[in-house]
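Trainee: Please take these sequences and the hints and turn them into a complete structure.
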Amino acid sequence: MDRVSWRTQVLKNHLTQAPSPETPSLSPTPCLNYSPPELAESTHFDTSEMRKLLDGHNLQERDWLYGLMIQSKLFNPRRLGGRVFVSPDYNQSMEQQREMTMKRIDYLLETGVFEGWLTGKTVEEELRKFALLEVAGMFDHSLAIKLGVQFFLWGGAIQFFGTERHHVKWLRDTENYVVKGCFAMTELGHGSNVRGIETVTTYDQRAREFIINTPWESAQKYWIGGAANHATHTVAFSQLNINGINQGVHAFIVQIRDADGNICPNIRIADCGHKIGLNGIDNGRIWFDNVRIPRENLLNSVADVSPDGEYLSAIKDRDQRFAAFLAPLTAGRVNIAVSAIYSAKIGLAIAIRYALSRRAFSIAPNQPEVLLLDYPSHQRRLLPLLAKTYAMSFSANHLKMIYMKRTPELNKTIHILSSAFKASFTWHNMRTLQECREACGGQGLKTENRVGHLKSEKDVQSTFEGDNNVLMQQISKTLFAEYLAAQKRKKPFNGLGLEHMNGPCSVIPQQLPSTVLRSGHFQVDAFHVRERDLLNCFAEEILQRQARGEMKEHALLSSYQLAEDLGQAFSERCVLENFLEVEENSPAGSLKDMLALLRSMYALTCMEEDASFLRYGYLSTENAAAVRKEVAILCSELRPHALALVSSFGIPDAFLSPIAFNWVDANSWSSVQH
Amino acid sequence: MASFSSSSGQEDEVLVEEKSFVRTLILNRPKQLNALSYQMISRLLELFLVYEKDSNVKLVILKGKGRAFCAGGDVAAVVHDINNGNWKSCEIYSRKEYTLNYLMATYSKPQVSILNGIVMGGGAGCSVHGSFRVATENSVFSMPETALGLFPDIGASYFLSRLPGHFGEYIGLTGARLNGAEMLACGLATHFVPSAKLLLLEAALHGVDSSDQAIIAAIIGEYSELPMLKEQSANHRLDVINRCFSRRTVENILGALEREATNKADDWILASIQSLKKASPTSLKISLISIREGRLQGVGQCLVQEYRMACHVMRGEISKDFVEGCRAILLDKDKNPKWDPPRLELVSDKMVDKYFSKVDDEHWEDLKLPPRSNLPASAIAKL
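Respectively, the protein sequence lines represent chains A and B.
Going by my numbering, the first residue of the first sequence is number 7, and it counts up by one from there.
Going by my numbering, the first residue of the second sequence is number 607, and it counts up by one from there.
Careful, some of the hints might be misleading.
Simulated pairs of lysine-lysine, BS3-like, Cα-Cα distance not exceeding 30 angstroms [said to hold, decoys possible]:
hint, chain 1, residue 1, chain 2, residue 2
1, B, K964, B, K926
2, B, K694, B, K964
3, A, K411, B, K956
4, A, K127, B, K956
5, B, K870, B, K836
6, B, K956, A, K58
7, B, K870, A, K79
8, B, K836, A, K79
9, B, K964, A, K58
10, B, K960, A, K127
11, B, K960, A, K58
12, A, K598, B, K836
13, A, K109, B, K664
14, A, K598, B, K870
15, A, K58, A, K411
16, A, K411, B, K960
17, B, K974, A, K58
18, B, K974, A, K598
19, A, K598, B, K956
Between beta-carbon pairs, the in silico distance windows are [unchecked claim]:
hint, chain 1, residue 1, chain 2, residue 2, range
20, B, T868, A, M410, 30 to 40 angstroms
21, A, L80, B, S963, 32 to 42 angstroms
22, B, S839, A, R437, 46 to 56 angstroms
23, A, T453, B, R783, 40 to 50 angstroms
24, B, T868, A, T125, 21 to 31 angstroms
25, A, R84, B, R783, 30 to 40 angstroms
26, B, S801, A, M100, 22 to 32 angstroms
Quick caveat, the hints were computed from the structure, so don't treat them as lab data.
Positions of the beta carbon are idealized from the N, C-alpha and C atoms, including for glycine.
Mentor: Structure below.
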């Protein structure tokens, strides 16, 4: 039915069902009428400027892709309450969802969305790729992951591990989907511990071929996105055994399906089955039964095997060689950190818009019911998460920009920051979505309202591309190494923002009036005090354990409590510093004032929530009470800006959900499909 | 504002007919194809505001005298002002016109526009935003702005972007003409009534005593027909249109059309390529972005954005294509505008971005739209 006759139908239904005018009607109370929050809320800063700060780059291209998805029937547009919403039909079977993901990709391919994603050479093209991937992820996580596998994992492996001959042969075909790639790293028995994988590759000198084998069940490749249905090729990670010597993990290109989709000989593939989310991704398992591949299929940027079987590598150290292999995973972690924040934005935009139009309970008899967001407790639930999302959004941009400018010298920083942000932002997202889902009450349970369903779609982010807990441990371990290096060489700390360790320790004032609590200077000092002390304590504890004869690795593991605290302290301090930088670069005015308010909310909420501040005595109990009180005041100050702050996310209406708009109309009898 | 006196003071340029609860407004400047003079816009705005408050008015009908519904804004007067350095009065004109568009888009009472003839530019602006648009076999619709060095304004970034697929980009960039059947098929018109039945339709509408949209829809429905689309119609080519006009940039769109043309020589594709090559490169680029941005915004924001763009176009600080286009098409009629920059690749992103920024003039202000108590879903501002 076209729109006009549909509308007429709706109106007719109204007409035939409505009571006649003579019947006395109940006088509507405010809670029964939907009133758009835009009518009551005002805007005190330029939301489009704020969006520029948040999205950071390629705004027009982002809007182009949003528009492409809204205008295409493939993106499942549905009209509710006078608006169009796009979201996948998650009620489809796993097989149907997978086919839809692929169809959407075919459409975006035809429209030229992926042009330059692998053949592009400039930073501008790389930024555009990131922006478009982020927008694809706003529609559906499966869509983004399917693209991530093709372009960042498979394509990235060829770019980073491969050399000219691989680039020429594979990159353009990958960009055009002539080749569909996947990334076979994880095994049943080994995930985050990539070094322990058990797939084995040997070299047949006479045939000049490698032979890849899955020796036993725990070595089967597992969770390989794209493997179950679509991928024609994979980059297989395997131990390389040359003349009986294991040279460590290497990457090989293996064809797993022919052009018609038939599985190749000596390859066995099984499905990972239905999952709690991401069912638009065909995760599969792969067994290699002595599969033979040409010698040229070794991705040889780090190491090569000569035709007569000699192992050659520019990097002699096995650990460094391994680190070089993991480089492409950094891009993945950058993507995940950024995508987690975009997901939190969707949740908050929906929950806050709903809280600005949904009322519950009157305070006094015969009074209108109260807007959810006018309850101080509701503010406390959502607004600190909003401020944190802003803070992390700026840090996600910061990380992306460092990644763009990457040099070998920056590798450590990128690795540590991407690990810290990936872990803390994905945790933040899950927590935010849960809070938003509860804040929407029963409506949060409806898949069409997105917030609840997003939890299961995004849950995977806490463990893939490195388990969050493992990543956080790595941060503390790296900080400990920095500590040792500074101590041993009697050199000042340099890098990772640890320079504050070199100066005298800041002092937290005994009295914390509002002006102090809200000063960036104080906030940074407080975060420095915490990080400094935790690093000192962590290092001392490990050194003491070692002095008692414990192995270093064992000592590190035993000190996990301090390690966790330290990891969080590091991550939060980086986020605060990035926020301050954005704030300082903004011209004076209402936007800058808004940023200051959000930054204080971020910093003070972190201080309120992290037990470290009280546990280790950085704050007195009086101080902690002052912080807590200030958070409540900040909530009431942010409340009038809540709508403008979520509008600044720049998420088109179609990517939010019916409860974010006229949820009365969207649920009216006339909108039911009769 | 000397130019506005070009409208004849003697005769009313907007005629008003009152029939019980119905007001019929007739655009009465037939020699100029009912092009909207400043006086007409002011009068329409005034009347619409009065009728909204008047409980004795349930329905507003808008139509044109002669062979046009309305051929657009009074471009000749605007260019005259620009040439005299008087873009202030152009800005006042645009403000009024866009405010009228916004009022119609958020109007609480039904508006029936009878489009029995030419509907171009500003003519679309004072009809498409209203609730009912009745096309006939005489309807000719077009947004010809890119050929004039302008861009589709009057809220077109809102309604063009909401046509099926990427039809809006096609209409907005090429200025392609649509007939009544095509208008109905793409949703620009809500009904098609043969012109022979218009008198009967109007008579029936004159009996309306309610603002109920369903009642009005039912009345128009009684006289409506489902016209056949021409075989050559662009509406049959939505696949090609989507394939080409969904592309990221104007250059990509042209490239895609040219690839289609090499695969299959086709007059329609060649005509589209020709239109794009004739249009102002700057206009094409800003129009594409305007439609794309408009797709994600409420109608109010669309108008605010278009107002910024229009002010830049009229001031001519980035490009003077508007004056040149009007010279070549409307005044000298040599149909050979000398666009500057002359080619797409010479229009930089930086130039394009400027059209979307505020005008750098302390006396200049963004368009302020009147607060509306009744905001339909389409009008809710976001971002």
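Trainee: Compare the structure with each hint and give your call.
Mentor: Each hint tested on the structure:
{"no.": "1", "hint": "B:K964 / B:K926", "result": "holds, 18 angstroms"}
{"no.": "2", "hint": "B:K694 / B:K964", "result": "holds, 15 angstroms"}
{"no.": "3", "hint": "A:K411 / B:K956", "result": "holds, 23 angstroms"}
{"no.": "4", "hint": "A:K127 / B:K956", "result": "holds, 22 angstroms"}
{"no.": "5", "hint": "B:K870 / B:K836", "result": "holds, 20 angstroms"}
{"no.": "6", "hint": "B:K956 / A:K58", "result": "holds, 16 angstroms"}
{"no.": "7", "hint": "B:K870 / A:K79", "result": "holds, 26 angstroms"}
{"no.": "8", "hint": "B:K836 / A:K79", "result": "holds, 25 angstroms"}
{"no.": "9", "hint": "B:K964 / A:K58", "result": "holds, 15 angstroms"}
{"no.": "10", "hint": "B:K960 / A:K127", "result": "holds, 28 angstroms"}
{"no.": "11", "hint": "B:K960 / A:K58", "result": "holds, 15 angstroms"}
{"no.": "12", "hint": "A:K598 / B:K836", "result": "violated, 57 angstroms"}
{"no.": "13", "hint": "A:K109 / B:K664", "result": "violated, 48 angstroms"}
{"no.": "14", "hint": "A:K598 / B:K870", "result": "violated, 56 angstroms"}
{"no.": "15", "hint": "A:K58 / A:K411", "result": "holds, 20 angstroms"}
{"no.": "16", "hint": "A:K411 / B:K960", "result": "holds, 28 angstroms"}
{"no.": "17", "hint": "B:K974 / A:K58", "result": "holds, 23 angstroms"}
{"no.": "18", "hint": "B:K974 / A:K598", "result": "holds, 24 angstroms"}
{"no.": "19", "hint": "A:K598 / B:K956", "result": "holds, 25 angstroms"}
{"no.": "20", "hint": "B:T868 / A:M410: 30 to 40 angstroms", "result": "holds, 37 angstroms"}
{"no.": "21", "hint": "A:L80 / B:S963: 32 to 42 angstroms", "result": "holds, 35 angstroms"}
{"no.": "22", "hint": "B:S839 / A:R437: 46 to 56 angstroms", "result": "holds, 54 angstroms"}
{"no.": "23", "hint": "A:T453 / B:R783: 40 to 50 angstroms", "result": "holds, 44 angstroms"}
{"no.": "24", "hint": "B:T868 / A:T125: 21 to 31 angstroms", "result": "holds, 23 angstroms"}
{"no.": "25", "hint": "A:R84 / B:R783: 30 to 40 angstroms", "result": "holds, 33 angstroms"}
{"no.": "26", "hint": "B:S801 / A:M100: 22 to 32 angstroms", "result": "violated, 56 angstroms"}
Figure legend: structure checked against the earlier numbered hints; hints not met, in rising order: 12, 13, 14 and 26.
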